[in-house]
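Whole structure, please, built from the sequences with the hints as guidance.
Given next are the chains, with one letter for each unit.
Protein chains: 6
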Amino acid sequence: MFYHVQTLQFEAKPDGPDPAFAKRLQEVLGGKWGELTVALQYLQQGWNCRMPGKYKDMLLGIGTEELAHVEMICTMIARLNEGAPLSVQEAAVSDNPMLAAIYGGSNPQHVINNGGGGYYQDSSGVPWLGAYTTSSGNLMADFHLNATAEMQGRLQVARLYNMTDDPGVKEMLRFNLARDHLHQQQWLAAIEQLKADGLEDLPVPEAFPNETEQNLDFAVQYMNCSDGPAAGDGPWASGPMPDGSGRDFSYEESPQPHGDRPVLPPGDPRLYGTPKPDMAPDNP
Amino acid sequence: MFYHVQTLQFEAKPDGPDPAFAKRLQEVLGGKWGELTVALQYLQQGWNCRMPGKYKDMLLGIGTEELAHVEMICTMIARLNEGAPLSVQEAAVSDNPMLAAIYGGSNPQHVINNGGGGYYQDSSGVPWLGAYTTSSGNLMADFHLNATAEMQGRLQVARLYNMTDDPGVKEMLRFNLARDHLHQQQWLAAIEQLKADGLEDLPVPEAFPNETEQNLDFAVQYMNCSDGPAAGDGPWASGPMPDGSGRDFSYEESPQPHGDRPVLPPGDPRLYGTPKPDMAPDNP
Amino acid sequence: MFYHVQTLQFEAKPDGPDPAFAKRLQEVLGGKWGELTVALQYLQQGWNCRMPGKYKDMLLGIGTEELAHVEMICTMIARLNEGAPLSVQEAAVSDNPMLAAIYGGSNPQHVINNGGGGYYQDSSGVPWLGAYTTSSGNLMADFHLNATAEMQGRLQVARLYNMTDDPGVKEMLRFNLARDHLHQQQWLAAIEQLKADGLEDLPVPEAFPNETEQNLDFAVQYMNCSDGPAAGDGPWASGPMPDGSGRDFSYEESPQPHGDRPVLPPGDPRLYGTPKPDMAPDNP
Amino acid sequence: MFYHVQTLQFEAKPDGPDPAFAKRLQEVLGGKWGELTVALQYLQQGWNCRMPGKYKDMLLGIGTEELAHVEMICTMIARLNEGAPLSVQEAAVSDNPMLAAIYGGSNPQHVINNGGGGYYQDSSGVPWLGAYTTSSGNLMADFHLNATAEMQGRLQVARLYNMTDDPGVKEMLRFNLARDHLHQQQWLAAIEQLKADGLEDLPVPEAFPNETEQNLDFAVQYMNCSDGPAAGDGPWASGPMPDGSGRDFSYEESPQPHGDRPVLPPGDPRLYGTPKPDMAPDNP
Amino acid sequence: MFYHVQTLQFEAKPDGPDPAFAKRLQEVLGGKWGELTVALQYLQQGWNCRMPGKYKDMLLGIGTEELAHVEMICTMIARLNEGAPLSVQEAAVSDNPMLAAIYGGSNPQHVINNGGGGYYQDSSGVPWLGAYTTSSGNLMADFHLNATAEMQGRLQVARLYNMTDDPGVKEMLRFNLARDHLHQQQWLAAIEQLKADGLEDLPVPEAFPNETEQNLDFAVQYMNCSDGPAAGDGPWASGPMPDGSGRDFSYEESPQPHGDRPVLPPGDPRLYGTPKPDMAPDNP
Amino acid sequence: MFYHVQTLQFEAKPDGPDPAFAKRLQEVLGGKWGELTVALQYLQQGWNCRMPGKYKDMLLGIGTEELAHVEMICTMIARLNEGAPLSVQEAAVSDNPMLAAIYGGSNPQHVINNGGGGYYQDSSGVPWLGAYTTSSGNLMADFHLNATAEMQGRLQVARLYNMTDDPGVKEMLRFNLARDHLHQQQWLAAIEQLKADGLEDLPVPEAFPNETEQNLDFAVQYMNCSDGPAAGDGPWASGPMPDGSGRDFSYEESPQPHGDRPVLPPGDPRLYGTPKPDMAPDNP
Ligand SMILES: [Ca+2]
Ligand SMILES: [Ca+2]
Ligand SMILES: [Ca+2]
Ligand SMILES: [Ca+2]
Ligand SMILES: [Ca+2]
Ligand SMILES: [Ca+2]
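These protein sequences, in sequence, are chains Y, E, D, S, G and F. Heads up: the first sequence runs through residues 1 to 284, numbered per this note's numbering. Heads up: the second sequence runs through residues 285 to 568, numbered per this note's numbering. Heads up: the third sequence runs through residues 569 to 852, numbered per this note's numbering. Heads up: the fourth sequence runs through residues 853 to 1136, numbered per this note's numbering. Heads up: the fifth sequence runs through residues 1137 to 1420, numbered per this note's numbering. Heads up: the sixth sequence runs through residues 1421 to 1704, numbered per this note's numbering.
Worth flagging that the hints you see were computed from the coordinates, not collected in a lab.
Listed below are the simulated SDA-like cross-link pairs for lysine to any residue, each with C-alpha atoms no more than 25 angstroms apart in a straight line:
#1 Lys-170(Y) to Val-5(Y)
#2 Lys-1615(F) to Pro-269(Y)
#3 Lys-844(D) to Ala-1332(G)
Next up, the structure:
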């Protein structure tokens, strides 16, 4: 259950309007790697977590904080949209190329649909999608996803930081950068803790009975299907594998097929495919 | 540029039909973490890679291999769909609950749309989406994503392995499990190599001028917004941060807001929002 | 900013497993009219609300409560999924048609992707979409949407109530029905209050300068474009309009066009449309 | 069954080109609240209506008219797109900021995909979605949705009216505003008629057996989960409920959880979640 | 502008209920190749058609008829859904595998969302998408699309015909098959007429100045990038091209690249990509 | 199985940057008719093809080539994005309307998400969708789709050719135009070959037992549901049908319904629709 205080976690007040930046800022609200994704993903992982204790508590703790980030960015967007030029005529007034750039670079739905406010869409106006979150039930797999989510998110915020001169916007983004920094660190620390607690190891899932992986070569051999010769120079093509198995990577420069050339059966005649049933060649 | 041989990378031949499993197998063809995702993601990262050499070569090498996995699974799906019951009447014949389960558990589009073949949809029939791939231009962020992609993928294949008794299907899935095992290892090795080459470090992006992150506390302090007390027990709430900065995590059990209670301006009167312009309260 | 307590707002514990009902219950978690929609919609309207005070406070108050409903239903889904048959073989065991029905009626992604947990998808497995929420900036328009959202939601829960015999599930659904009942009432009360406060009236937006609606007949005349004669019998085809304008509805049984038969210009020749430029007929 | 006349219901002829406005006008063709939504929604509700007579006839009558609105707006868009600048070079010619604004503010797909014509997308270019329509089978719930659809639609048209100076465009939009005005009134009148006919009352669905809603307090008590104190000042927090039940709203400023702190079972070991089966804590 | 009569174009009355077939029938209502697609596509092409006369008239004539097909199928779906089992318990009653198959094979949204009626979704429950229609402005390209749409549609209906024994359903589907037959023929006839009228020829668009296609070999040479040797046996690899140019196809069994090995520039340092700016290798 | 060479099939190097054109070029990478669609569609048809030999070989051959086109366009986009203005301030510098147009006309996700690279989205930024491809199992239906795909694709490329002055871009597009020209020809040749081989004829599917199409008139009669009288002038309204059946098209100017006015049953009372069960009128 949740409680809300209307005071923002951190200030979200621009020094002036910039509807074109408001459009761009949507990416970190409703984009694939935006605040809504991490908020709903961490909460979902927390609710689905089958182990009471520190992991579940952290997932719910950070997930709840991320809701506050959605709130901050939505507020910032509404403030940046003040003074959006409503028409080409307004945009073109007095031969001002900045207004033209703002008009072309702004999001029409911000005014037509939202009356100036923010929404759950990305910087192209594409709606946020439930498929952006993952909660697999395996914490090792999910913590790696959470770590990259914070990396992708911090990268996007750092780029946005370079797309504005507004001191108020930059102030808020510095806060977001700091939190994304922290959260990266936390998920990486949690990955190590999972190993220390003996809960999961590599490869994920460790519990899959590897003795049944009869094709052992396939588990170590890099098959270079492109013609870049340097692919063999990395630590992924020779030397010990990081799974602690004692096995070494190997490198195959000319990978060959190991299967057959498939021939499909002619299909149910009631589906009217090609070939017609009476002319189907002999198929295995 | 690509070349194709029709021989499969590994055999994809079931011992018998199972249209209900064919539906489930779509998840690893056209689902968020399926083979199409990793194929197109690694290729996209390779094409967009701005550094010739071993990283680019590996991205294109593995990405090209993944196309062969799409092909194998698509072939397997077509073969599993042989003998799909076309109607309730067929499904209910001779009081056979297995046929009823198969009918209910199969994907109608496999027969109606595809004539029995596979397509780029997940196990619910939801189409694959271009937004499933990411190519950020920052290899550290992307390699973490690639590692989790292989973990999520291997996890799904391991679960599917437990959903069938068909020896031919299990044979193919063991191959996929082995390759997913290998690829996990490779992305993790590549992450270490990026650090060793001095190309990127934590937090991503390392190059963002941290001196401008004036709110240093925000970069170390875990704010526990949920009431799970064990959240403070993990290595993410105290002790050294993994970024090598020498700073320690700290823990705040009662996190407080640092911003103001926002009041939005009344808005452009031409947008007809609430309140009407003439009754707008004084807003800052 | 948000705070979370792990205790549920109301109990979410089934008496036994029912993976097929778990699939159906997703509709009120991640469907168009589900709990995630109302949670994110009310919060968005609250954040974008330009009038401090009772309306904004209520939007944020109810929106925050709805997050607790997402949590309850996600928890219920995880519990209902216990014991999902993983294969046709399990489903068909001992000639048990109930297991066959459960297998066919369950959601494969619940096990393959989520390890048994819930996600932000509807009962077909279609991901939740950011476009499901609306925050127009006009409270009258939005409160009508909120009222119908609670009606659609309560209707769906009432139907689901009839699809299960599980006492624990029914207990939770009665709670949801009661809250949906209350929330319907609240949005309807808020609509009346908006009028009483002089903030908005009909038609929305009232402030649009009606004197410029020169085609006054078009604002009162029902044009019956279908051949159902009873359409003229309702209070929408004669008698006073509810907008208090003193005007009466009128009824036109044989509506006629008021425009021209459009002829489009031949188009930019660089777009290679039909007809080719040199053969374009004379167009106005 | 339908018949079509090529003459438009109302004139759709701009005085001049404006490709940037053409992009914006797509919102009311293929946006969530656009003409295609109301056309297909009312028809769907009419086709699914289980009561012959005035309601069904009106649904089909208005739905059919809305198809004419899609046609008018599509025609207007094609005409507004005449003279779209095809390149930056054209847009930048003679230092004209208006052309730059038009180029940036136009929709590339209008020319690349459609040869200048309209399509079923919104003002961001996001395709129209079947999930935008609802036909629940309960007319009270659906008429409330229809009323808000006309409100949201009229609001968007009124905003668009302020984004253009073109007399021909404004002439058409005035027609649309008048029809949206009328349709708002009609759905509100129909809501009252449903009550008068005894077909449905509040809460929707009235027929759900409220005696089984054992948690009566939950049906009247506003739980204020945000810290805005004015939420208690509205008629939704005290005084009689509009459902005619004679009950009063009540207000709870410090809402408490009524459930337990959930602990999930460890899960099927064949799903490889966390924790591993052999280390799962005792779970209820 | 449109007019509607409530009488169906053809009877849509099943002899009995079949909720599982109702789910499947959604494919030809709201699937990619369903009736809604062709209705909205032909109308869109008609509205955007820049040439008054027979082509525009036919597009609007057939498009309008297709709306009647949507209506018929929606009606059929509502009737087929009568008697849907609402729960596993109902489905499993009296050990009846047919009910189990129906339950598993039915669409939960038909009852939960629609009260038994149809909607604009496909047979997986995925919403119809505006991107399914195309109106390019070039009639030759679009008529080929229309022809394949009728082929795909007739194919799907023919398959559905084999999935039911219900005489009433089969009666309606025969009508649809006949209309799809006719419409295929009509679009193919229209393609020939476009050529006869000199409006367009091959390749589409014919008007593109081929003299600027300096790489003439690329316009005739089949490059076989797969290892299937029979690809060279078809009329697409030798002999005259159908464009009447007098040129012959040619066949290249070992196609070679004609470009360079691309090296991308290091990128704007403010985007924090890999490599870091100061370590970027020399790039052309 | 696939092999990749890093050398491009054809050069993809612009003479200078143009981020606004990069946005537009996305249409032919990740749009409905872009290179990714044809690549994945032809491969899917090839993998699902049930007839070994020339058709399967060609499908896989052309499909594999199309992957090279995705690669070329992705590379071109990355190069065109060099020098994208990151902010309004940069765009407005020195009163340069070209920069303003570029800023407004560029895709923010190219920089924020991709670090300048390309992705699988269209020119509006809408993600590519698995539903864009079709593989029906009937080669006649699919080859018609493939032919129109190349027509739509070549049309879009020809339009893009007119939207740039850059010699390097035009050079690459000429290559694409030539390949699209060739591929159109090839699919048309393959259609004729299918007929010559006796594999399929019109109407698709020819094998559907037409003797059961008892409503023969419906298979020949054009019903003109719009009021355009010229619709009767085309070869689709009189004269021989192209299916070789010897039958003639006929023309009906005033098409009439052939069904009944449907009345739906009142519905399951547990779904709470309108009317309530006890007031349901007598329904057939
Ligand atoms: Ca965050
Ligand atoms: Ca793989
Ligand atoms: Ca709720
Ligand atoms: Ca309208
Ligand atoms: Ca049809
Ligand atoms: Ca191509």
